[in-house]
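Input sequences plus hints: build the corresponding full structure.
As they're listed, the protein sequences go chains B and P.
The working numbering numbers the first residue of the first sequence as 14 and each following residue consecutively.
The working numbering numbers the first residue of the second sequence as 104 and each following residue consecutively.
Careful: at least some of the hints might be erroneous.
[Said to hold, decoys possible] Distance condition first, Cα-Cα at most 30 Å in a straight line; then the derived DSS-like pairs of lysine-lysine:
#1 P:Lys254 - B:Lys137
#2 P:Lys275 - B:Lys72
#3 P:Lys254 - P:Lys191
#4 P:Lys191 - B:Lys104
#5 B:Lys104 - P:Lys237
#6 P:Lys226 - P:Lys191
#7 P:Lys237 - P:Lys254
Since the hints were derived computationally from the structure, they do not count as laboratory data.
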Amino acid sequence: MDTRDAWNSAGCEKGLPMSVKVREKDGVIVFDLAGEIRLSDNVSPALQRQVVEQLAEGKSDILLNFAKVDFIDSYGIGDIVASYLAVKEQKGRLKLSCLSPKIWLIFQYSGLTRVLEIFDSEDKAIQSFG
Amino acid sequence: MIIWKSSLRQLLIYCLLTGFSGCGKSPTEAPIDVEQPSILLTCNPVTAGANEVISVSVLIKSNTKEIRVFGLDMAFDSRMFQFQEVRKGTLTGGWAAVDGNAVGPGSLRVGGFSGGGAAIPLKSEGSLAEIRFKVTGGDYGNGQQSQICVKQYTDDLVGFQPASVCSTFTLKK
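Here's what the structure looks like:
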């Protein structure tokens with residue numbers, strides 16, 4: 014029994030897995046994230062893969078909208094960092110918006126708030142891309 | 104022999120009454136050389152013309168705790184310089200990210216976090232980040248000087264001295 018099986022058998026329910034909707038606003042690719050960004054049964058880095066797909070299409074201004082994100086674990090943090098590094102490699106910009114106080118704290122403790130640009134609202138974030 | 108003993112006795116009495124010279128200080132009065140965690144800014148080159156790129160290094164030494172994450176604010180004259188990019192320093196090469204974001208004209212927030220990389224060990228000496236600027240020069244004349252400064256150290260840089268440090272650049276036209 015692995016850790017997650019033990020977690021489930023202990024009665025700890027999994028939340029909703031991460032879902033991603035992609036749209037474009039004022040030339041910025043907005044990822045509307047929802048649910049939980051964590052290690053799932055699909056172990057491939059889901060977010061990074063989709064970010065790389067956008068980069069391949071020449072779209073390098075990317076906003077991750079966290080308005081509907083309930084939870085993020087270390088795997089999720091790694092997925093965000095990998096996405097950020099992929100964007101930086103292409104000289105693009107990756108920013109975040111609408112983090113809940115709980116998610117903000119996780120980012121703060123991990124040090125990500127020192128590197129990533131994080132905005133209170135989607136509009137402010139979009140404007141910052143200029 | 105008697106004269107010698109007498110002289111020795113007088114010398115001993117003199118020393119007891121006056122104290123031995125050189126032993127007047129207690130050990131706690133001796134100066135203790137303890138280096139403070141310090142931060143320094145260097146500009147390379149210190150003189151350049153328009154359209155040249157300069158590199159500003161944020162250097163540290165004598166850190167008294169490991170450094171895993173840092174942040175600081177950088178101020179510069181936006182008429183003289185245009186921010187280009189932030190590169191990792193000699194101490195942060197293995198870190199997950201070191202980057203800078205413009206927060207307004209002439210204002211930059213620089214930060215880094217180790218992620219899976221190794222923390223900077225105690226008493227290290229080297230650079231945290233290298234910030235690159237393109238010299239625009241604006242309407243300044245030859246010999247115009249301009250300062251680039253850092254302040255507001257956060258996270259593992261809290262307590263570093265001085266609280267604000269600058270490097271001076273001279274425009275060449």
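Here is how each hint holds up against the structure:
1. P:Lys254 - B:Lys137: 26 Å, holds
2. P:Lys275 - B:Lys72: Violated, at roughly 39 Å.
3. P:Lys254 - P:Lys191: 19 Å, holds
4. P:Lys191 - B:Lys104: Between Lys191 (chain P) and Lys104 (chain B) the Cα gap is close to 15 Å, so the pair holds against 30 Å.
5. B:Lys104 - P:Lys237: 17 Å, holds
6. P:Lys226 - P:Lys191: Distance ~19 Å between Lys226 (chain P) and Lys191 (chain P) Cα, so the pair holds.
7. P:Lys237 - P:Lys254: Measuring from Cα to Cα gives roughly 21 Å; hence the hint holds.
When each numbered hint is compared with the structure, a violation occurs for hint 2 only.
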